[in-house]
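Use the sequences and the hints to build the structure in full.
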Amino acid sequence: MVELRNACHCVYRIRYIWFYALNLEGNCFLNRNIIEALQNICVEISDRYWFEFKAIGTDGDHVHLFVGAAPRYAPSRIMQIIKSIMARELFNRYPEIKKRLWGSEFWSDGGYIGTVGIAVTAEIIKNCIETQGTVEERENYTQMKLYEFG
Numbered sequence: 009m010v011e012l013r014n015a016c017h018c019v020y021r022i023r024y025i026w027f028y029a030l031n032l033e034g035n036c037f038l039n040r041n042i043i044e045a046l047q048n049i050c051v052e053i054s055d056r057y058w059f060e061f062k063a064i065g066t067d068g069d070h071v072h073l074f075v076g077a078a079p080r081y082a083p084s085r086i087m088q089i090i091k092s093i094m095a096r097e098l099f100n101r102y103p104e105i106k107k108r109l110w111g112s113e114f115w116s117d118g119g120y121i122g123t124v125g126i127a128v129t130a131e132i133i134k135n136c137i138e139t140q141g142t143v144e145e146r147e148n149y150t151q152m153k154l155y156e157f158g
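For what it's worth, our numbering labels the leading residue of the sequence shown as 9, then goes sequentially.
Quick caveat, the hints were computed from the structure, so don't treat them as lab data.
Ideal Cβ placement from N, Cα and C applies to all residues, glycine included.
Among the hints, a few may not be true.
The following label-pair restraints were derived from C-beta to C-beta distances [as the list claims (entries may be wrong)]:
{"no.": "1", "residue 1": "N39", "residue 2": "P79", "range": "31 to 37 Å"}
{"no.": "2", "residue 1": "Q47", "residue 2": "E131", "range": "19 to 25 Å"}
{"no.": "3", "residue 1": "Y102", "residue 2": "S54", "range": "19 to 25 Å"}
Calculated pairs, DSSO-like style, for lysine-lysine (alpha carbon to alpha carbon, straight line, at most 30 Å) [stated by the list, open to error]:
{"no.": "4", "residue 1": "K134", "residue 2": "K91"}
{"no.": "5", "residue 1": "K91", "residue 2": "K107"}
{"no.": "6", "residue 1": "K91", "residue 2": "K62"}
{"no.": "7", "residue 1": "K62", "residue 2": "K134"}
{"no.": "8", "residue 1": "K106", "residue 2": "K91"}
{"no.": "9", "residue 1": "K106", "residue 2": "K62"}
Set out below in structure tokens:
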């Protein structure tokens, strides 16, 4: 069944997949406490902006997000909101992260945005997050985790 959402004067179903890379030394997102903080931050963003986080994937130095949003926000604005709030909140909760930055920014510039349409299902996106990278990378780097929201 298609998940339709309601907003003022419209019904919609818009979901995105994002990949963000970090500007940090090491694998920040292998620390379970930081991953849990990241999930909590996503819940806080969701409550404030009415975004629907479906899943987060990470393998240490970048993050994959599967999120829905109302049509009032452009995809680039959604990316800006999520990246800025995540960075600010992680700096507040884990100030030691700032010492590991390459330059002064938490995230590398840009990222990837894809949309989920009729032919690209949620299961395809989740599979993409779980199996990203080459076979050799997946065999040698098995820390990739997928965290789903309720």
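So, against the hints stated earlier in the document, which numbers end up violated here?
none
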